[in-house]
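Got chain A; can you put chain B on it based on the hints?
Protein chains in written order, with this note's numbering: chain A, 1 to 472; chain B, 473 to 727.
The hints are simulated quantities; they were obtained by calculation from the structure and are not laboratory data. Mixed in with the good hints, there may be bad ones.
As the list claims (entries may be wrong) - Taking lysine-lysine and the DSBU-like style, the derived pairs with C-alpha atoms no more than 30 Å apart in a straight line are:
id, chain 1, residue 1, chain 2, residue 2
1, B, K637, A, K157
2, B, K637, B, K482
3, A, K157, B, K663
Stated by the list, open to error - A few chain A residues that don't get close to chain B, going by computed Cβ distances all over 10 Å:
id, residue
4, A5
5, R51
6, Q72
7, A432
We put the CB at the ideal spot given by N, CA and C, even for glycine.
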Amino acid sequence: MQQRADFNHRVEQALGNAQLKASLRSAMDGLMASRKACFPDADALDALRLRGAQIRANALSKLPQLLQQLEQRCTENGIRVHWAESVDEANGIVLDIMRQHQAELLIKGKSMVSEEMDLNRFLESHGIECLESDLGEYILQLAGEPPSHIVAPAIHKTRQDIARLFKEKFPDIPYSDDVDTLTGNARGILRKKFYAARVGLSGVNFAVAESGTLCLVENEGNGRMCTTVPPVHIAVTGIEKVVEKLAHVPPLLKLLTRSATGQPITTYFNMISSPRKTGEKDGPKEVHLLLLDNGRSRIYEDSELVNTLRCIRCGACMNHCPIYTRIGGHAYGTTIPGPIGSILEPQKAGLDSLGELPVASTLCGACAEVCPVRIPIPRLLNRLRYERIRSDRDGASHGQGSGRTVKEAAIWQAWSWLHRSPRRYRLAMALATRLCKILPLGLGPWTRVRKPPRIAARTLHQRAREEGFNDR
Amino acid sequence: MPEQKRYPAKPKRVYFFATCLVDLLFPEAGLAGMQLIRREGVEVIFPQDQTCCGQPAWNSGYRDEAREVALQQLACFTEDHPIVVPSGSCAGMMRHHYPEMFAGSADQGRVEAFSSRVYELTEFLVHVLKIALQDLGEPVRVALHTSCSARREMGVAEEHEALLKQLSKVELMTQARKEECCGFGGTFAVKQPAISAEMVSDKANAIADTGADLLVSGDCGCLMNIGGHLDYRQASIDSRHIASFIWERTHATEG
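Only chain A is shown next, with the shape it has when bound in the complex (with noise of 0.2 Å):
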């Protein structure tokens, strides 16, 4: 009950701004244009889809095998491999790295794996700063807000917003909205400390277990800096991110730019493979791979549930999510928010935390439907809907059974009753065909915007029989 309300808290107060809404609006807009544009051929795209979904589902149907193998060609180039089957560990292992040496800055590149470890947090309270060096990341550093998107974390500021949050934060600076400007402002800052952080940190958007290879999508290059000017570099990911081969990369990247920003291909694509070698001029002297499971693993026994984790991060659901829209990021409360984010988050955090995510849809498929690797998302909201109302204990999902109210089941049980008595429904159609007139109007939430429906003074069981039509 009190997720529930929490959730709706949020979700007035997101409602309630008319700023963030038109923000939001426009920007999803934006994102539908240029993803559409790049996707000019349907037959085509449906085909990359197919490539997408078949690569990602190989790579998961063997998950095992290739967590090995990557491992193991990633030790053989030189990349330490670490394992964290928690959040905890996780954080333990990174700041191991930093003590090792001495490091008392992290410098980051956008990592929504960081975010769910509170990396930041965890490493700030044993003294260590850490500095986001994607812009949109940075910004929100500054002003202390988790990411609202996966892609675009800060996409509901606006150039204002930033603009102030600018002069607040660096009163020397001249205040401007200039976007070149900020984002000239703000990689001055950041050069800085780019030459004194020791150990840089980056996401992982595939991990190639042929051959050992992080593959790593980004536009702004800072992506590079973090894995390439300090001495160490850990990148950390989730264990669902490998793929078999380096020849499933091309399509899996194809799909991921024109998904998330309709671009062909980012700025920067970086494939690290091992730390710096001798005779090379530049890169890291160490790199660690750091794989999470943090539920994960679980989510994977589940046949039908294992989907989820076909993901690529693209955030195209969200962008194409008429609730994300309406709602925004911060809204679902969760590291990843959005459709993706309301079947993924319920399954790790457990459904008796964040039942009432699968619950907050309409199913409307526009999710699914530009999926790059075709989730089939509402199936699987469906899917979590049943599982936080079943009675049994024959799942094993997180959770189960917790959302289920003796009011609600009592409702759906009087209604299959109803309903599965043709002769039952038949009179009690009837019947509220003739108490129409006196049932009471109001139905609740329904009609504060909306006029209650008419019932018909006749059913069409009784005017189709009425009209000669045959009942059989």
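Chain B in isolation, oriented as in the chain A frame:
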């Protein structure tokens, strides 16, 4: 995208599945659909034992309850006739979700056979009956809202439009973001009333902005939602199910 569908030749008889919303709230839409098919020389059978497709319970997670009700529908459409449904949502449930509901059960085979016979009304009119419409109505500007299930699950958005475009005096207006959900979503409208209200309000604005006189949809859930909201606002836009709209405009009344 739905897989490429195959349509049968024009049959002698069809079954009509009304849907529970049509039955109680929009019977004239059901009747219009049946009359349109009958006018093409096809006998329409309306099994009196039909009730609801079971979608409300299925989408609420009450799977056993949904299955019990689905089995009742299977029991009253036993002959090998096409089953025509005046709703993308309920047709989608019966065509695509029934096989999912009974996968791996003893009923799987007969459920799949049943589901393969299910057609949404507009696709049936266009592809099977190859209906040709003669518009007898006054000029009117119409906004069409295609439900999400009609568009994405059944893939019949083009069929909705094609039918309206056959009507010579109907001007089809295109609202902004016509592909976007209206915010109905069954129990969603009651469980998340604030988000739903925002969505339906945006949808109504987009429709009003086109200057349309009338809203047409192939799904009664959307009609109840958008139409109910337009009425609440006292907007001068009426709403009509696509079957009623087509029947009214192509049916010669005497006198």
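Hint check against the structure, violated hint numbers in rising order: Result: hints 1, 7 break, sorted rising.
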